[in-house]
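Top to bottom, those sequences are chains R and H.
The opening residue of the first sequence carries number 2 in our numbering; numbering runs sequentially from there.
The opening residue of the second sequence carries number -8 in our numbering; numbering runs sequentially from there.
Rather than coming from a laboratory, the hints here were simulated on the basis of the structure.
Be aware that one or more of the hints could be misleading.
[What the hints assert, rightly or not] Cβ-Cβ distance ranges computed for the label pairs, FRET-style:
(1) T185/H x E108/R: 43 to 49 angstroms
(2) N67/H x T183/R: 25 to 31 angstroms
(3) D36/H x A38/R: 39 to 45 angstroms
(4) A191/H x E120/R: 56 to 62 angstroms
(5) S52/R x N122/H: 17 to 23 angstroms
(6) N122/H x S117/R: 52 to 58 angstroms
Virtual Cβ for every residue (Gly too), placed ideally from N, Cα, C.
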Amino acid sequence: MVKISRCLLCMLFCCIVAVSCDFDQLYTREEIENIIAEKGSAHLTFYIDWSETERPTGMTLYLFPKTGKPDLDTVPYVYHTNAVDEFSTTVPDQDYSVVCFNQSEEEFSNLKFSFSSFEDSQVIIKEESEEEKGDTKLYGSNMKTTTRGFNASGTLRPSMLSCASNGSVKSSETRGFNASGTLRPKNFVLGVNVKVNVFGLKSARAVTGTITNMSAGFKMGLLTTLPTTCDMRLADWSLQANENDSLPGTIETTFGTFGLPNTRYDNLSLSRGDTAQSDTAQQSIALNLTFYLVNGDTVQFSRDLTEEFTEQFHEAQKKEEETGDPVANIDVEVGTSTEKVDPNAEYPDNVTEQGGLILPHVVNGLQVGVSDWGETNNIEIRF
Amino acid sequence: MGLLLTMVIASMPLLGLLAQTSSVPESGRWLDKFPVAVKSNVLLDAATLANVSAEVGFGNRWSLSFDAVTPWWDSNDNGKVRTTQMLVFGGEGRWYMRGWNSCQEALTGPYLGVYAYGGRYDICRWSDGHNKSRGYQSDNLFSAGIDAGWSFRLTDWWRLDLNLGIGYIQSDYRHYDIIYKEYRMKHYNGSFGTVLPARAGISISWLINQSWQHRNNKQKGDAAW
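The task is simple: from the sequences and hints, build the whole structure.
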């Protein structure tokens, strides 16, 4: 008689246990719908329309439970997905608020997100570290400057963040009701093109600047800019000098901003677009410029641009309401390109009547129109 | 399910019958007198398919092995379902061409074999093209064929087994989609049957009882079998 060893008995036991494991059951669609209805769950479907902004490769959705039922979790449901046109989920049957934006929180290194609640969902610009500030550096004959280690156009890139939200996506009092709606993200980082007319620009080799009292962040649920303000550094200026001292040269740059502080964007429903309203008076917006002259001197200017910015933001909002098309950029100009000055005259604070800036004339350094670079002179040196 | 249980239970007396037909010494347990190797296919391990085999040698040239592939993984990342659930059992009979005369040379050299296995599986993966998770579930997977390989002797008690087999594989399956992030909805039924390379392995095996026996014999001063 063959003795069956303990080893073989163990193998047999393991096999019996293994074959008793079963697969997940397969259902028909009708059976699944019945299960959802019995569970008290709701199926939500969102259609995301990216026509008003750049279509991303991924998106993030936050679902905030609204009714605080004691047996339901109030922590938001977070979804990251590469399917940006349609999103479906099954959640407990109750009302929700939703915030949707392009990409994900980790892909914006200079922004900090917070989603403690729908009303407090916000994004804020991170403060720039000391290492990032760096100093200026001269590039080539167009006198373009870039601040080392710093994002061109400041800490925000125009059109980098698009967002949509809805305060109520209530499924129904009926269990198992399927709700659907459209989210239409809009761009909330406006591009601002700043152009400054400067006389005597050929005396300068570099320029840096800041814009003060721009909104530091954006409330993604309420679609409102934060009342908190920040000063934004302006880098990547392009300089175009004019040989004629009577006519201005120009310095230009572009930066991204959430806009004026405490500006509301009313969101009327899940499927309609947004309209914008400007709120109470804000702090003054100043453009501070520092010019580095060819003789080593520096000249600083500060201009109050509150009126210009406010007017341009309102114009952009009005245009959006009228045409229905989003406005991605606004233009702010200091001085005028057609103004002429007398190079020998004195101007108070070195500012012209139309707001152009005047730099002192210096003779050292690079001169516009120098044509004899490239000729070599052989000089014999005797020791 | 019944077929699998029958296969497993039926193999037990078959093993006993084979043991009785071999030259079993009168003293001692019969299992101690035959090389028994426990092994795992590292190719399947690398694919997260948990597997184990036991090979029993007898008659200096023959062996029978019993294989089990039993991964049971299931994860759901916000609707991206990844399921790898398999219960596949089988066996293989091998003829070692060179044979062996000592326990240190047991189960080494080139060999030819005949295998058969069966089982059930549930495999589900995310499909970017369809933007959903899709899977295949089956209660009858069957394959039989021949294989060949070479078992290299690494040490007295360790072997590196390389093998490749070709055979017929057949399965009826149910195709499903994942909807609402967690429910498996039937899509359609299908089946396939074809001849293809159905078996490949790089296995590390350990002659478990022979190393113990040799250690015991050395301590007692007895000669190896």
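Hint by hint, here is what the structure shows:
1. T185/H x E108/R: 43 to 49 angstroms: holds (45 angstroms)
2. N67/H x T183/R: 25 to 31 angstroms: holds (27 angstroms)
3. D36/H x A38/R: 39 to 45 angstroms: holds (44 angstroms)
4. A191/H x E120/R: 56 to 62 angstroms: Between A191/H and E120/R, where Cβ atoms are some 59 angstroms apart, the hint holds.
5. S52/R x N122/H: 17 to 23 angstroms: Since S52/R and N122/H have Cβ atoms about 20 angstroms apart, the given range 17 to 23 angstroms holds.
6. N122/H x S117/R: 52 to 58 angstroms: About 31 angstroms separates the Cβ atoms of N122/H and S117/R, which means 52 to 58 angstroms is violated.
Checked against the numbered hints listed earlier, the structure breaks hint 6 alone; every other hint is satisfied.
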